[in-house]
Every structure is written in C-alpha cells, then in structure tokens.
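Novice: One letter stands for each residue in the lines below.
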Amino acid sequence: MAEWIQDKTAIVGIGQTRFAKGLEDSELSLACQAISMAIDDAGLRPSDVDGLAMFAMESGREVDVARNVGLGEITYFGEVGYGGGAACGAVGHAAMAVATGQCEVAVAWRARKRASKTSRPWAQATQRMSGDFGWTRPMGLLRPVDEIAMLARRYMHEYGATRDHLANVALASRKHANRNPHATMYERKLTREEYMKARWISEPLCLFDNCLETDGALACVIVPAERARDLRHDPVYIHSFAQGLQKQCAVMTNYFSDDPLRGPSWAAARRLWANSEIEPGDVDVAQIYDAFSPLIPLSLEGYGFCKRGEGGAFTENGALEWPDGRLPTNTSGGGMSEAYVHGFNLVLEGVRQMRGTSTSQVKDAESCLVTSGEGIPTSAVLLRR
Amino acid sequence: MEDRFILPDTEDESVKPFWDGTARGELLVQKCRACGRMRIPPRPMCPQCRSLANDWVPLSGRGRVWSFVIPHPPLLPAYMPFAPYNVVTVELDEDPALRLVGNLVARADGPINEIDPHSIRIGEPVRVVFAKVDDVHLPRWVRA
Chain A
1 MAEWIQDKTA IVGIGQTRFA KGLEDSELSL ACQAISMAID DAGLRPSDVD GLAMFAMESG
61 REVDVARNVG LGEITYFGEV GYGGGAACGA VGHAAMAVAT GQCEVAVAWR ARKRASKTSR
121 PWAQATQRMS GDFGWTRPMG LLRPVDEIAM LARRYMHEYG ATRDHLANVA LASRKHANRN
181 PHATMYERKL TREEYMKARW ISEPLCLFDN CLETDGALAC VIVPAERARD LRHDPVYIHS
241 FAQGLQKQCA VMTNYFSDDP LRGPSWAAAR RLWANSEIEP GDVDVAQIYD AFSPLIPLSL
301 EGYGFCKRGE GGAFTENGAL EWPDGRLPTN TSGGGMSEAY VHGFNLVLEG VRQMRGTSTS
361 QVKDAESCLV TSGEGIPTSA VLLRR
Chain S
386 MEDRFILPDT EDESVKPFWD GTARGELLVQ KCRACGRMRI PPRPMCPQCR SLANDWVPLS
446 GRGRVWSFVI PHPPLLPAYM PFAPYNVVTV ELDEDPALRL VGNLVARADG PINEIDPHSI
506 RIGEPVRVVF AKVDDVHLPR WVRA
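Chains as they are written, first to last, in the working numbering: chain A, 1 to 385; chain S, 386 to 529.
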C-alpha cells in the first residue's frame, strides 16, 4: 500500500489578523502576528516550530519570519507558486514534511496587502510583456477578472449557465458573511436585485462576481496526528492533499489548450480522491476558492460534485447555503464576502467547521473540502474530524 | 508607460518570427517538422512528439469567435478612453484548438471600441487584420 499522508498529520492551531483595507502594518508584521497567534492557539512555543511552508509570492521570507517570531531551528522550508492556487499547497507541503519526518511542527501562512507590489501585478504591468501574458495583455485582457470572464462566457455559452447561477454563488457567500462578525461584509446585505443591477467589471461579470480586496494574514500549525491528540484542540486531520496542473496549463489564460473548460481542479481532484477514503458525495461542507464567482461551478465539476456542465445548475435551490443546502459552501463568506487573502481564509474556515466553531456551523460535519484557485496551477486539502 | 498600450516584447527570440510575420501582413504559427502539429503560443518542444524542429507557417487568418469579454473600468490609463471595449478569443479554421486573443474591429486601423460589443456572437466568422501600434503590428479581427 502506498505511504499516503492520509490522517498522519493534523491542524492544531489557527491564527488570523483582522481584515481591512489599508492596515498600517507591513505584510511581514501581519504574517508574524498571524503565525504567533496560531502557535498560541495550538498551545505550543515558537521554539517548537521547525517547518515552514509559504506562498512563493510572500514578501516576508522564511528568514524574516523565523527571526521575528523567535522560531527554533528550521529543518524544512518550502514555497508554492501561483498565488491563489497556493494556499492548500502550502498546507499540503507542510503536511507532507511532517508526515515524512522532515519536521515536527510546521507553520503555513499567507499575508497580503492590496497595495503591495506583489499583490496586484496587473496594475504594474511593464509596457513590453513576454511569456504567456504577451499573448493577452496587449489585447486589453488586463486584469484577472478579464481572464476569467473569457472562460466564464464560453462556459455559459456551452452549458447554459446563467447570471442567476453566478448570483447564487455571490448571495450564498454574503449570507454566510452576514453571520460572521469577522467578515468584511458582516453588516452588508446583498439582494438578487442589487446583484443584477450592479455595475459591470468585465462582462459577463459584474462587481459582485469579484472577490474583495483585503489586507490581512492567516496561519495554521500542523503536527503529527499522535502529537495532535495531546494538544489543546481536537485535531483536524489532513485526510488527503493534491496539487493540480492540467495538460497545456497556462496561468489564468487557459484558452490555448485542447479543452479549456477542463481546468486544474480536474487534475487535483484525481489525486485527491484516489488517496481518500471519503468520496465527493460524503463531503459535508466545502470552502471553494472564489476570487470570481464562475470558479465555483467550474470547481464543483472538477472535484466531482456534479457532472461536467452541471455546475451552474448545482447552485440552484440554495445548494450552497447554510444550513440546509446540499453542500454549504464558503461558510465564512469566502473570498467574496469575508476576506480575500489568496484563499487562506478558506483553510481556516475549514478548520473551524471541523472544530465545530464556525458561525455557520454545519451540524455534525465530519469532512470539509478546501480548494485553491481554479484557473491557475492549484491545490486542495480534504479535512476531517 | 502610464498612457501607452501594453505591447508584446517582439524581440524575445521565441516570439520574434510571429511578430516579424504580422509586420509583413502574415499570421504565422509554429508547426512541428516531425509530426505536423501546429501550436501557438510558441514553445521550443512539440508537446505531441517532443521534436525540437519546427517551422513557422502562414494560416488563412480565418476563424470564429470562441468567447469574448467587455472590460469596464477600472483599467490601466491607456485603455480607459476606450472602455467599454471588446476582447475576443478566436479559434482558427485550420485547427479550432489554435486560438488567439485579440479585438474585434470595424477596420484594420479602427479603435477597439468601434463595434457595439453587445452585437458580438460566439461562433461568428472573422478574419485577421493587422493594426500598427507603435512599432508592433497587432493581429485584430474583422467580421468575415
């Protein structure tokens, strides 16, 4: 039998700063605060930490974090690329390192400020572009939303998905955010009428098909399962993990492959479920990366919650909504209504669902899927109690 | 670059033949010399047979709209005066898996917002034209 990482590690501590636009602290300071809180939440000491897994896009480096938080000797550190595709990747790398004995207490995190140079690359485009973007940006496909809108329109055309389906995504997230005092949109209701009348950003996507822009940081601590059972919180086991990069993959502009609507989720899903004892139909709650609303139906298809082309229809009848939907999704409000921190807040909400402490707690939830960005090289983790 | 369009780096060796082609009024793609598979954007190795040998071959410049978007502000300053404009992805007649991103225009040197974007339909036939922006000839598309 393969030496899977299945249930060999667990998330035992989580920490997050507040979410806002324009926090004064640097990304490094925010990262250190979130990591410090996660270590405290686990009941561990900074000197216990010997593993680090982070986004390649982080502006604060491993050395900076280690010497600020006062970490011990680090014996594993790794980075995952591709921005919004990386959150579950960082958690998974930490889990693999812990499961294979390369370290015993690993931290994964993301800190991000919207005004940061590394956070909004589209707004600092150089005038002469090479690589993939040289085939799209000069033609006016400037922003991530434009890139996803191109796939979204084709998807809607091929499969009959509608703006009502995309509204289902936005409204479910908002309803969950309205129950979460830490969410940016805690006090802001959203109606279907407001969604339909909202200004366009890149047709067919409107303002409310877009995630928020947020400053903040989040972190989690991962240890071996046997050690987790002695710590303060009930362990949240990492049951399965996968990364995904589909054939002919591009970064955000997957129009040049044989099958553009079969995205990286499909690649990640194959490994995720192959190494899992849980099947899609058994998953109680999901946190699905939602920088843009169409990524939800695309991901639902990729991860096998419905057949290809049925992701739009899947969202009908409140399917994504707590408490009675068939798959309550983004129960903290997600990137669209809680905070957009490159999807790392989805990881922490997955942990809260497994601890039983979500503000939209799914009753008796035993398993939670967390995914990272569809449309770019991606990753996913399956958590269980 | 505040008020200038983004342009491709046409001196990059891997793409230079394409942009030399557009300057001559030709739409070129890479074609594997071993197995014949065409590819764009270009890359050094054929993903079908791993051959490193390739030629740049001209296409008819005809295709169909595969998808399109209509960007609205906020945009980079150079693009703001044109908003809302259109960006189309075109699948090429020679192989629908060959796609290029461009703009649907009324004429080769017309602005990218001249066509009513809501009149664009997925599947409508288009043909390539070349618009000179600074020293680059960008492929754009007119209704065929």
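Since the hints were made in silico from the structure, they are not lab data. Keep in mind that this is a model prediction, so the values were computed, not measured. It cannot be assumed that every hint is accurate.
[To be verified] FRET-style restraints, in silico, Cβ to Cβ:
#: 1; chain 1: S; residue 1: G508; chain 2: A; residue 2: K307; range: 18 to 28 Å
#: 2; chain 1: S; residue 1: E509; chain 2: A; residue 2: G160; range: 28 to 38 Å
#: 3; chain 1: A; residue 1: G318; chain 2: S; residue 2: W441; range: 48 to 58 Å
#: 4; chain 1: A; residue 1: Y186; chain 2: S; residue 2: Q433; range: 37 to 47 Å
#: 5; chain 1: S; residue 1: V518; chain 2: A; residue 2: D324; range: 50 to 60 Å
#: 6; chain 1: S; residue 1: H503; chain 2: A; residue 2: D259; range: 24 to 34 Å
#: 7; chain 1: S; residue 1: P481; chain 2: A; residue 2: D164; range: 28 to 38 Å
#: 8; chain 1: A; residue 1: T75; chain 2: S; residue 2: E509; range: 38 to 48 Å
[Unchecked claim] Think about it this way: if two alpha-carbon atoms lie no more than 27 Å apart in a straight line, the pair counts; the simulated DSS-like pairs of lysine-lysine are:
#: 9; chain 1: A; residue 1: K197; chain 2: A; residue 2: K175
#: 10; chain 1: A; residue 1: K189; chain 2: S; residue 2: K416
#: 11; chain 1: A; residue 1: K189; chain 2: A; residue 2: K8
#: 12; chain 1: A; residue 1: K247; chain 2: S; residue 2: K517
#: 13; chain 1: A; residue 1: K8; chain 2: A; residue 2: K247
#: 14; chain 1: A; residue 1: K8; chain 2: A; residue 2: K21
Backbone N, C-alpha and C define an ideal beta-carbon position, used for all residues, glycine too.
Novice: Confirm or reject each hint.
Specialist: The hints, checked one at a time:
no., hint, result
1, S:G508 / A:K307: 18 to 28 Å, "holds, 24 Å"
2, S:E509 / A:G160: 28 to 38 Å, "violated, 19 Å"
3, A:G318 / S:W441: 48 to 58 Å, "holds, 53 Å"
4, A:Y186 / S:Q433: 37 to 47 Å, "violated, 52 Å"
5, S:V518 / A:D324: 50 to 60 Å, "holds, 54 Å"
6, S:H503 / A:D259: 24 to 34 Å, "holds, 28 Å"
7, S:P481 / A:D164: 28 to 38 Å, "holds, 30 Å"
8, A:T75 / S:E509: 38 to 48 Å, "violated, 59 Å"
9, A:K197 / A:K175, "holds, 19 Å"
10, A:K189 / S:K416, "violated, 54 Å"
11, A:K189 / A:K8, "violated, 41 Å"
12, A:K247 / S:K517, "violated, 34 Å"
13, A:K8 / A:K247, "violated, 30 Å"
14, A:K8 / A:K21, "violated, 38 Å"
Checked against the numbered hints given earlier, the structure breaks hints 2, 4, 8, 10, 11, 12, 13 and 14 and satisfies all the rest.
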